[in-house]
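Assemble the complex: chain A is given as a structure, and chain B must be docked to it using the hints.
Sequence order for the protein chains is A and B. Each residue of the first sequence is one higher than the last, beginning at 35 in the working numbering. Each residue of the second sequence is one higher than the last, beginning at 35 in the working numbering.
It is possible that part of the hints are untrue.
Same chains, same names: a pair is fine if it fits in one copy or spans any two.
Restricting the straight-line Cα-Cα distance to at most 27 Å, the calculated cross-link-like pairs of lysine-lysine (DSS-like) are [unchecked claim]:
#1 291 x 242
#2 291 x 226
#3 176 x 377
#4 200 x 176
#5 200 x 242
Honestly, the hints are just simulated from the structure, not real lab data.
There are 2 protein chains.
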Amino acid sequence: MTTLQQILGTELPLIQAPMAGAQASAMAIAVCNEGALGSLPCAMLGPDAMRSELAAIRAGTDKPFNVNFFAHTPPTPDEAREAAWRAALAPYYAEFGIDPAGIPTGPGRNPFSAEVADLLAEFKPPVVSFHFGLPPESLLAKVRGWGAKVLVSATTVDEALWLEAKGVDAVIAQGLEAGGHRGHFLSHDLTKQLGTFALLPQLVRALKVPVIAAGGIADADGVAAAMALGAAGVQVGTAYLLTPEAMTSALHRAALKSEAARHTALTNLFTGRPARGIVNRVMRELGPIGPAPEFPLATSGIAPLRAKAEAQGSGDFSPLWSGQNATGCREVSSAEVTRALAKGFR
Amino acid sequence: MTTLQQILGTELPLIQAPMAGAQASAMAIAVCNEGALGSLPCAMLGPDAMRSELAAIRAGTDKPFNVNFFAHTPPTPDEAREAAWRAALAPYYAEFGIDPAGIPTGPGRNPFSAEVADLLAEFKPPVVSFHFGLPPESLLAKVRGWGAKVLVSATTVDEALWLEAKGVDAVIAQGLEAGGHRGHFLSHDLTKQLGTFALLPQLVRALKVPVIAAGGIADADGVAAAMALGAAGVQVGTAYLLTPEAMTSALHRAALKSEAARHTALTNLFTGRPARGIVNRVMRELGPIGPAPEFPLATSGIAPLRAKAEAQGSGDFSPLWSGQNATGCREVSSAEVTRALAKGFR
Numbered sequence: 035m036t037t038l039q040q041i042l043g044t045e046l047p048l049i050q051a052p053m054a055g056a057q058a059s060a061m062a063i064a065v066c067n068e069g070a071l072g073s074l075p076c077a078m079l080g081p082d083a084m085r086s087e088l089a090a091i092r093a094g095t096d097k098p099f100n101v102n103f104f105a106h107t108p109p110t111p112d113e114a115r116e117a118a119w120r121a122a123l124a125p126y127y128a129e130f131g132i133d134p135a136g137i138p139t140g141p142g143r144n145p146f147s148a149e150v151a152d153l154l155a156e157f158k159p160p161v162v163s164f165h166f167g168l169p170p171e172s173l174l175a176k177v178r179g180w181g182a183k184v185l186v187s188a189t190t191v192d193e194a195l196w197l198e199a200k201g202v203d204a205v206i207a208q209g210l211e212a213g214g215h216r217g218h219f220l221s222h223d224l225t226k227q228l229g230t231f232a233l234l235p236q237l238v239r240a241l242k243v244p245v246i247a248a249g250g251i252a253d254a255d256g257v258a259a260a261m262a263l264g265a266a267g268v269q270v271g272t273a274y275l276l277t278p279e280a281m282t283s284a285l286h287r288a289a290l291k292s293e294a295a296r297h298t299a300l301t302n303l304f305t306g307r308p309a310r311g312i313v314n315r316v317m318r319e320l321g322p323i324g325p326a327p328e329f330p331l332a333t334s335g336i337a338p339l340r341a342k343a344e345a346q347g348s349g350d351f352s353p354l355w356s357g358q359n360a361t362g363c364r365e366v367s368s369a370e371v372t373r374a375l376a377k378g379f380r
Numbered sequence: 035m036t037t038l039q040q041i042l043g044t045e046l047p048l049i050q051a052p053m054a055g056a057q058a059s060a061m062a063i064a065v066c067n068e069g070a071l072g073s074l075p076c077a078m079l080g081p082d083a084m085r086s087e088l089a090a091i092r093a094g095t096d097k098p099f100n101v102n103f104f105a106h107t108p109p110t111p112d113e114a115r116e117a118a119w120r121a122a123l124a125p126y127y128a129e130f131g132i133d134p135a136g137i138p139t140g141p142g143r144n145p146f147s148a149e150v151a152d153l154l155a156e157f158k159p160p161v162v163s164f165h166f167g168l169p170p171e172s173l174l175a176k177v178r179g180w181g182a183k184v185l186v187s188a189t190t191v192d193e194a195l196w197l198e199a200k201g202v203d204a205v206i207a208q209g210l211e212a213g214g215h216r217g218h219f220l221s222h223d224l225t226k227q228l229g230t231f232a233l234l235p236q237l238v239r240a241l242k243v244p245v246i247a248a249g250g251i252a253d254a255d256g257v258a259a260a261m262a263l264g265a266a267g268v269q270v271g272t273a274y275l276l277t278p279e280a281m282t283s284a285l286h287r288a289a290l291k292s293e294a295a296r297h298t299a300l301t302n303l304f305t306g307r308p309a310r311g312i313v314n315r316v317m318r319e320l321g322p323i324g325p326a327p328e329f330p331l332a333t334s335g336i337a338p339l340r341a342k343a344e345a346q347g348s349g350d351f352s353p354l355w356s357g358q359n360a361t362g363c364r365e366v367s368s369a370e371v372t373r374a375l376a377k378g379f380r
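Here chain A stands alone, though its shape is the one from the complex (with noise of 0.2 Å):
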């Protein structure tokens, strides 16, 4: 059977975690410079700063790295939840003295294109990964016609086989525990998510292709655990949180240094899609699944509130991405995380 270092062309089983607004080019280097698999998110960044991340990349490591996208398909705005959404709002405005007739509309993200395909194309980058199911067939083409492997997460074990079935070359089991967004795609019915440690022995059983563990992953005897559970390698980003590549603000770093850290939640107000992050005053207002239009819309509502109360210190309406298990963030390097990780393949 192929290994997933074969896969990878890594000389550890081991990825770090793509996590958008949160860490960019530094980290991939410098986990890729230690064996593992290091990650550019590329959600939130139009062109020109993609193609300047991947030039750094190119220019850093000669080893092969993982570039993710979202594989969303926009949705089509819908002015009642657009509405419901501001009125959840309004106090908020008020609160802060924004004039919500300023604040626009539109996505908060972009889904993997054509456009960014070709731009893709010229760097070539060895791995793609993409959360919430898999692009169309004709931009698949595009990203394997340069011979890229192709991983995606799957929730449950009917996304597992699904993506399977279209070929992708492995599948990362992503345990109710991980923080950022949940990838699931076929069902929004939140009890189908599964803990890690049921998750994974199942996708193990179901599948052909190798599986990656991620969720609730923090240090070397986590990595041994999901080792021992059948992984053919694991997934692992909250640990990198308080390294100094990583962009994480000073109120997010706080936050994960705290008992705060304890408790997180599925939360969908910070962008429409249910995503873990440590409770805050706005998930506990609004309960953290509260009245968002559809992803990634609920973004442009929020922002300007993030942005008055992080200008005032306070992290009341910022998105805290973390998974269940912060017990793994250190501040030390990322080239030490990594190898830290790496001491659980054992």
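Positioned in the frame of chain A, the structure of chain B alone reads:
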């Protein structure tokens, strides 16, 4: 440091999870005789049944065993909530031709009491475990009186620290994957519930007493993974549900063996407290968390529907308790399940 085996008096740091309604002395005896800790769930047993089951265990094994109780405070019945519950169930009563006036109200499960403690004292069970926190100090003193070790489930760091401060001998880290009733008792906010991969390392880090992993552990690989995460031992329930010693109904067995077992949810419809079971008709139609009165008062309203449906060969109104990982369910003896799990201690 004292090992879990020293505390339990067993050869293996393995506990067969107490499963009220699904097993009794026969399973406990079989497990004890394999060197693990068998459990007798007592929450649904009256005094006579409890006495005969305890006598059966004493006759069937000379090994240590566990008796398990719910430690809830009986709620004050709330007429409005009971009325809302009956209203939600009214269409089903009509469908099955049940006269709602003939359905009694009242508790479905009794908490640990002085009478029960005195009955237990005749049998001196070496281990007593509780769910939903601890009983009052005076009752705990009775248990301590015959030298029993005390184990309690924790679902958050706060609960685990609270239990350690009360002097429990070991804490069961009940991950979100676990089947049956959630054991939370300090907060009813379900977003605080953690997957095993996140809960277990946090409790291991926070506590001095041994931590027993529960939730999603289905086979030897799962045991090895839990031990890698720092567990002192494991508790496994779902994997025993197809054994001949289990009293699992034919309907429940069929569900566990089918693809339906891939989709469980936390539901309050059967007792009033969130418990994990395979999704069935009543959970789909009322929502898994529906308008049920407080635990255990929901039981009486749904009981006649369960009885009528089961008589027609339907599990539409039955609690089909299961963890999120039913892959360990095999139609072999409880002794064989125990031996297979024991291979995970490697």
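Each hint tested on the structure:
Taking the shortest alpha-carbon separations for residue 291 and residue 242, only the inter-copy value of 22 Å comes in at or below 27 Å, while the best intra-copy value is 39 Å. With identical chains, the CA atoms of residue 291 and residue 226 are at most 27 Å apart between copies only, with a shortest distance of 18 Å across copies and 31 Å within one. In this homomeric assembly, residue 176 and residue 377 never come within 27 Å of each other (Cα to Cα): the closest approach is 37 Å inside a single copy and 47 Å across copies. In this assembly of identical chains, residue 200 and residue 176 lie within 27 Å of each other by CA distance solely inside one copy; the values are 15 Å within and 62 Å between copies.
In this assembly of identical chains, residue 200 and residue 242 lie within 27 Å of each other by CA distance solely inside one copy; the values are 13 Å within and 49 Å between copies.
In this structure, the one hint that does not hold is number 3.
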